[in-house]
Every structure is written in structure tokens, then in C-alpha cells.
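Visitor: So the sequence lines, in the order shown, correspond to chains W and S.
Per the numbering used here: the first sequence = residues 1 to 111.
Per the numbering used here: the second sequence = residues 1 to 113.
The reader is advised that the hints may include incorrect statements.
[Claimed, not checked] Derived pair list, reagent style DMTMM-like, types lysine to aspartate or glutamate, alpha-carbon separation capped at 20 Å:
#1 K71(S) with D24(S)
#2 K100(S) with E53(W)
#3 K105(S) with D84(S)
#4 K100(S) with E54(W)
#5 K100(S) with E75(W)
#6 K105(S) with D85(W)
These are calculated hints, taken from the structure and not from any lab test.
Computed from a prediction, not measured in an experiment: that's the story for all the values here.
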Amino acid sequence: ETGVTQSPTHLIKTRGQQVTLRCSSQSGHNTVSWYQQALGQGPQFIFQYYREEENGRGNFPPRFSGLQFPNYSSELNVNALELDDSALYLCASSLGFSPLHFGNGTRLTVT
Amino acid sequence: DQQVKQNSPSLSVQEGRISILNCDYTNSMFDYFLWYKKYPAEGPTFLISISSIKDKNEDGRFTVFLNKSAKHLSLHIVPSQPGDSAVYFCAAGAQGGSEKLVFGKGTKLTVNP
Chain W
1 ETGVTQSPTH
11 LIKTRGQQVT
21 LRCSSQSGHN
31 TVSWYQQALG
41 QGPQFIFQYY
51 REEENGRGNF
61 PPRFSGLQFP
71 NYSSELNVNA
81 LELDDSALYL
91 CASSLGFSPL
101 HFGNGTRLTV
111 T
Chain S
1 DQQVKQNSPS
11 LSVQEGRISI
21 LNCDYTNSMF
31 DYFLWYKKYP
41 AEGPTFLISI
51 SSIKDKNEDG
61 RFTVFLNKSA
71 KHLSLHIVPS
81 QPGDSAVYFC
91 AAGAQGGSEK
101 LVFGKGTKLT
111 VNP
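Bound conformation, chain W alone (with noise of 0.2 Å):
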């Protein structure tokens, strides 16, 4: 059973850019959730995808927006990056309520 896993592991990206992080769910999930950890802080959700629509969002701007693919992958795409955007960002992965399955995160850096 391959796990979640996210891609780069680290990221340093310049104030005004933009970035794409990419997701790969746990074998057999159909559902993938973003969510960004800054420092010190719980993990706080931005939003899901489900069947390739978005399905919940969290408090974060329209420049936060994301893809699924039909074999359930995503990205995460954060336009005019900031600095307060630094932070671990976290890709979870589930099926039905089954507990979310966290990848091991990317850690962008706004310079």
C-alpha cells in the first residue's frame, strides 16, 4: 500500500511568484485535502477535492486554488505568493470517513 506522498519536500519561492505543490493519494482514496501549518501552529484546512470538484474550503483567498486528476492526484497552486505564506503545507488523503492519511508535507519558503 503506497502511502501519500508530496512533492518537493522544500521550496524557496520569491514574494509575487507563483507555485504549484503536488499530491499522490494513498492507493484506493478518492478524496485529497490540503491543509497549511505554519510555524507553531495546527494544521488549518484550505480546502478538498472529491471526483475532481472542490468540496469544502477553508478561510484562504481565491489566489489559493487546486486540481484533482481522475486517478485522484492534486495540486496546489498559490498565485502572488506572500510572506506570511510560508509554511508546511500538508496534502491528506481518505475514503469515505476514514481518518485523513497525511503526506509528509512541503515546506515553502516566501522570501
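Take the given structure of chain W and dock chain S to it, following the hints.
Guide: Below, chain S alone, put in the same frame as chain W:
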């Protein structure tokens, strides 16, 4: 406005003793609760969950207690082991929704040999 609060940023216990991690929530719509454990440089790992229809759930050394009237849950680890040293996150959700989980800020547990 934090809907899920873990008021203890850190906890230190001796190996073999009980670790008790606490969590409070404010949203009455939450009806299931989870604990996740996180090691450095890894993603959170699911530990144990409880539905609001129960007041206790046990899995090996880990037991979660839920007090709905007090909007409080706790995780008991008995006996504590050095490998349990990690950050523990409490999370809450409302089943039937979008599976959005609301996390606390975490408690760093250190189990000393």
C-alpha cells in the same frame, strides 16, 4: 477564534508513567474527534478517534475520553514510552460535512527514559 484549544504547549513525563493530553472545543456542531501524532519532518499520523455518541475509545496503550457537556477530550497514554515523544494534535470535525478538520496547536510530549 480558536475552535479547538490545546492549552498545554508541552508535557514531560517519565517512561512507564501515564501521559494525559487535554483538548477543549467550542463548536457544538463537532461530532467526531481525532488525535494525530507528528514526528519532526513527517506528516501527522492518525492515532485514535472518537464519535460523540461514545465517551471512551481504547486502542492498546491509547485511550481517548470525551466529555460532551464540558466540550473536553483527553488522550491517555499508558504506559508512556520514549518513542511516544512527538507533537500531538487534537482535531475535530462534523460528519456529513466536507471532512474539514479543525486542529489545535498541538502539545509536545517528551517521555524521559
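Visitor: Taking the hints in turn, state whether each one holds.
Guide: So, going through the hints one by one against the coordinates:
Taking the CA atoms of K71(S) and D24(S), the gap is near 6 Å; set against the 20 Å cutoff, the hint holds. Proximity of K100(S) to E53(W) is assessed by CA-CA distance (about 15 Å); at most 20 Å being required, the pair is judged to hold. A C-alpha spacing of about 18 Å is found between K105(S) and D84(S), which places the hinted pair at or below 20 Å, so the restraint holds. With a C-alpha separation of about 12 Å, the suggested pairing of K100(S) with E54(W) holds against the 20 Å cut-off.
A distance of roughly 18 Å separates the Cα atoms of K100(S) and E75(W); the hinted pair therefore holds under the 20 Å criterion. Between the alpha carbons of K105(S) and D85(W) the distance comes to roughly 18 Å, so the proposed pair stays at or under 20 Å and holds.
Of the numbered hints given earlier, the model fails none.
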